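A.B. asks: Residue numbers (full-length UniProt numbering), protein chains in the order written: chain P, 1 to 435; chain V, 1 to 318.
What the hints contain is simulated information worked out from the structure, not anything from laboratory work. There is no bait here: all hints are sound.
Chain V is nowhere near these chain P residues, computed Cβ spacing over 10 Å in every case:
#1 62
#2 68
#3 69
#4 70
#5 79
#6 178
#7 228
#8 292
#9 370
#10 431
Estimated spans, in silico, between C-beta atoms of each pair:
#11 V/85 <-> P/308: 34 to 42 Å
#12 P/81 <-> V/296: 48 to 56 Å
#13 V/258 <-> P/143: 28 to 36 Å
#14 V/37 <-> P/143: 49 to 57 Å
Here are some of the chain P residues that sit facing chain V, going by a computed Cβ distance under 7 Å:
#15 123
#16 258
#17 407
In this text, all values refer to a predicted model and were calculated from it rather than measured experimentally. All C-beta atoms in this analysis are idealised placements derived from N, C-alpha and C, irrespective of residue type, glycine included.
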Amino acid sequence: MSSYLSGSAPSRRQLLAAGGGVLAAGALAACGGNTGRSSGGGGGGTSGGSGGGGTISQWYHQYGEAGTEQAVKRYAAAYTKAKVQVQWIPGNYDQKSAAALLTSSGPDVFEYGNGPTIDMITGNQVVDLTDVYGAAKSDFTPSLLDRMTWKGKIYGVPQVVDMQLFVYRKSMLRKAGVQPPTTLDELISAAAKLTTGKVKGLFLGNDGGAGILAGPVLWSSGHDYLTADNKPDFANADVANALGQFHDLFTSGHLLLGAPTDWSDPGAISDGLTAIQWTGLWNFPMLKDKLGDDFGVLPFPAIGTSGKQSVPVGAYASCVSAKAKDVEAAKAFVKWLWVDQTADQLDFAQSYGFHIPSRASLIAKATKLQTGEAKTAAGYLKTFGHPQTPLLWSPKSATAMTDAVDKIVRSGANPTSSLASVQQVVNAELKRIGV
Amino acid sequence: MSEQALERATAAGPASPRRKWTDSPHLWFWIFVGPFVAGLLVFVVIPILWSVWLSFYDARNTVTPTHFVGFANYSRMLEDPSFRSSLVTFVLFAAFIVPTTFVLSLALAVLVGGARHAQAFFRSVFFLPTACSYVVAAMIWRHSLFGGTAAGMLNTVIGWFGAAPIAWLSIVHPPWYWLVLVTVRLWLQVGFFMVLFLAALQRVPKHLYEAAALDGATGWKAFRYITLPQLRATSTAVLMLLLVNAFQAFDEFYNVLSTTGGYPPYARPPLVYLFNIALGNGQDFGDGSAGAVILTLIIAIFAVLQGRLTGIGRRGDT
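All chains should be modelled from the sequences, with the hints used to inform the complete structure.
C.D. replies: The structure is reproduced here in structure tokens:
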């Protein structure tokens, strides 16, 4: 009997089942395979201790400009103390990287907009990077470092600075006899004068500015999201009145709405749909291409008597995951690339997209920022620049504020009561974070 | 006895010695069903249970929380005006889209079923949108059909009549965005449910109509007293699917309405709101899971109510 059993050939059914099992196992293995680490390479370096030899996985979001990916891979390849594997992540980068931090197969070094979120810091997902700065700390833009500092520790190294601002068609303003507006009232009357037939005076985005107005309106009216001692500073008459004016603008017919591209793209102004557009500094090369010298830049106009012009500035910052296989090696790489390698930093800021270096010494060296509108824009960083949102402005606060501004601007909700309910949410969030 | 049995077994020929462990039907059941059960467990059952567990914890930026908070996440979500308004919006949305899709797909099925010529052609034409990706359809609706400038297709059409172009997705008074969302959803879904109804229609015995015609019941009367009752089983299933679909709206809403600045506070489906809380920058899995459980309960309640009203699951009906 037993000899019969051992001698039996596998039936077709057994073979099929075995094949299925192999397939399933392969599929499962493939699911967890793409972590950005070469499977064999890291062994010696990590188990043996800190220092060299391991593989560092570094994540970037997908920059739109040609050559950026090759550039960051080139920088990484030049690092000798460890092998650095660059992961280029298309699509929802913030979500993907935040989710990856939950697992041990996430990045070791990753960039995040304006540094890690407060919950990443308090949740111990990222490590303190204060000591990678060394003597170079004073060279970095102070307002950006403040944005990434929690309880005296800095949790990111700004890579490059991006700025949002107004661009306008010089020829259109000249033709309409309009001076570049420096106050909100001037902007609103300029929008009216510049609207002719199919060309609208002003473009703030297809949502009428709901997505971008909060910060600039606060700063330009002499307020902020939070005061220096972290109290809400937005629920007041200045801000409410200004947002009310934007609702009037929304219904005036002078705003471009429903454009094929949104404010973050230069399409609306370069295709002649509008005379003034809110957009990003990153579009300078395309604007120059399409419009030549026929465009100028402006900060967000001042509001009321105590207001001052403003521009939001943001920076992708390099962070180190607390789950990095070798935290010290990852920190050493961040120091090497984003603190020591000034030539690479300048190349990254200048050669592909159009950004401002995050360090004063490099801004002085950036040749593209020495003339014309680019020089004017770069000058705004120091005089009018505000980090997009403060560190303690949690995603929940941000959603509450954006929703409120949207409802005020687009559907005419009462500004005073809307801002008051945002303040409740923000106070609850500040309390939760433990300010 | 046992010797006799052994003898009989050996006499039965070469088949019986193969009665081994590999012949157990249970073994083969599990080998073939096992991978699917495992997949279901790993990707569906465990995540659901995990989510329920998370909903009782303070789970910010972690999926293995330690701080138990009881029903705090639930009460926070129920107090959250944005979440409440998205739930109310989608109850109203379901109340509109479920009957509309139902009536349209049934009407199409009756029309196509009664077509004398080119029935296969019409069936395919109306069914084809089902094969289209929600994302692709949303993009076409957003950028081409309902483009906000004068070059948008609908704006071109209304331009022929001298109307000014409308920024369909920018203006919120009147809420044109609903027109965009409802039309894309109907286009995508009606064909599929039409096919379900067509199949059911073809199973209605012809002699019923003949008998009814002799009694003078044709047209609307025949539809009301023969077709509709005969479609009861299919109808209840279609209603259930439509209801679940309505509450689970995500794809086309997200792709039609979200902008650089995120998703606006209009027509925001509960799933989009929860997605932003849990998987967006929020990374708050406690609140997100609590919201998901609340949403599941609401769907379940509506499904039970609907079942009571339409009689799904009643003995002998299905």
